[in-house]
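Visitor: Sequence lines, in order, name chains A and B.
The numbering of the first sequence is our numbering, which starts it at 1 and goes up by one.
The numbering of the second sequence is our numbering, which starts it at 1 and goes up by one.
Don't read these hints as lab results, they were simulated from the structure.
Be aware that one or more of the hints could be misleading.
Below are the DSS-like pairs computed for lysine-lysine, each with C-alpha atoms no more than 27 Å apart in a straight line [unchecked claim]:
(1) A/LYS172 to B/LYS149
(2) A/LYS63 to A/LYS142
(3) B/LYS192 to A/LYS145
(4) A/LYS264 to A/LYS22
(5) B/LYS149 to A/LYS173
Here is how the chains run, residue by residue.
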Amino acid sequence: MKKKYSKLTDLSKKITLDQRSKYLRKLVMRGFKNSQKGHVGSALSMIEILRVLYDHILKYDIKKLNWEQRDRLIVSQGWASMGLYAILADKGFFKLEELDNFMNTDSILGGCIVKLIPGIEATTGACGHGLSIAIGMALSLKLKKINKKVFVILGDGEHGEGAVWEAALSAKKNKLDNLIIIVDYNKNQCSGTIKDVTNLESLSDKWKSFGMKVHEVNGHDVTELKKTFKKLNCNKGYVNVVICHTVMSKGIKMFEGNSDYHWKGGIDNELHNKMIESIEEYK
Amino acid sequence: MRNACINSLINLGKNDERIILISVDQPTGFEKELKEALNKRFIFEPISEANVVSMSSGLASNGYIPYIFGHAAFNTRRCYEQIALDACLQKNHIRLIGMGGGLVNAHLGPTHTAIEDISLLRSIPGMTVLVPCDAQEITELMPQTVELKQSIYIRLAQFGEPKYGKKIERNGNIRAKIGKANVVYVNNKNSKTDVLFISNGVMTPISIESSMILSNSNINSKVLNVTTAKPIDTETVCNEVSSSKHVVIVEEHTLIGGLASACLENLTDNLGSNNLPPIHRIGLPDKFIHNYGNQKSLLQKNDMMPEQIAKRVICIVNKVNK
């Protein structure tokens, strides 16, 4: 197991970014240019997860936001909001220009995700809520016999919340095989590395011990993510967990893998230009 | 009170596919009937109040009306953030049924008593707080909880079924209504009120008994039952207070943030502090209770049983009249 963890962690560091991944990261930077601060690390670590979900997996209709037959996605790590806003703007849930208002007093786009924003299913930002909300949604789809899925993206640091494990018990007990738990495992949290602060390993074994079917993937490999999500065996009575090995601040070499950039303030024009440059030159 | 509440839910849930009852590992006493009436919509969940509140919020966001059945002490403190952020903030309307509110679980000590629950829940925007006084009232209220577009906390406090102590006849044919306070008892209909009791929960039948005792001392009193602790029926409370010589607010709760606080906030905002009669608060002190026994014995210990309250009121009235 340790071998897989190290291999995927290395691969996630080495993988290059294509033009679409770079474009989405530059949209993220559009928000930070205005706010000059934000949760840079996780906004950038989950870009490929979101990209694959919105480009290839999720069933949705931007003209019918409350369409009952849609798949649901909840981003439990609500502080990584700019990552989600970038893809939602790209898909047309709201205008790209909104990104330029990120964190402004009257903006619809705040530092954490709220349900009032078009395309957002749940307000998140306080740790450890998203999975339980997703469970309620998955259960409601079962009760209504609607054959659609609920995806939820958890941060790695928020696994410290007891409610996550309460939810794990409940998901298994209720046989929610329409629920897919995705972990953005970027190995860093607010005050240091996951290893030092929470020590989650073996994360895979933890989820398995709760009765989940666990998949581990390189969270920046678009092809692998797509293949994994498409091949998920749902409706088999078990909950799927996809642990995505990612890199904190992926795409900005000087920030990568460093928990100091979980939150970054002081993004002035000079630093912003350097960050954009780093994304453009990323290999 | 619990039985009446669950029986109402059985009847409501039979005909309304949106109603779900989630018990946080608490037997309801009506498992078979609930299973028959609600089928898959009656769920036992692990001891996990935080998860259950968020999960119920998820269910509510997809059109269900979830009722969460659990201990008042745990259904409030343990999952406060989930109630605030997942239910109220996101307008996912849930119903929290807090069994054993107040001092009902006195025998189990301070971990199981819920004496600051109303204060906690009342402070969350968009929360309705109901404190019914007996089985009849909860039966009348339950159908109204279905369609209300707010989250609701229903504090159930015991004193058993049937009603507490000697049978107390309510004043006329009053029907409980969410948001409405009612005068449920008047000890002398022909005279101006010397003392207005304001109460809810089990303190209403206790206040009624106090009021009966006071008639022996020629003190005219009446009891205003404020079932909805939030939002307060400002109009009725202000009108009744304005026409009384003394006001005594009685609650099975600490004196911080409960019914008395709610009334005083509304009264000062609407009538001005200079236009109020003397107002006295009777409730539990701002401390954890380390005694045991039962609900009645702890109320007794805190000078809150009918005779004791009547004595306190006589002192208050005499002191002011001197």
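Visitor: Indicate, hint by hint, whether the structure satisfies it.
Guide: Cross-check of the supplied hints:
1. A/LYS172 to B/LYS149: violated, 31 Å
2. A/LYS63 to A/LYS142: holds, 25 Å
3. B/LYS192 to A/LYS145: violated, 62 Å
4. A/LYS264 to A/LYS22: Measuring from Cα to Cα gives roughly 20 Å; hence the hint holds.
5. B/LYS149 to A/LYS173: violated, 30 Å
Figure legend: structure checked against the earlier numbered hints; hints not met, in rising order: 1, 3 and 5.
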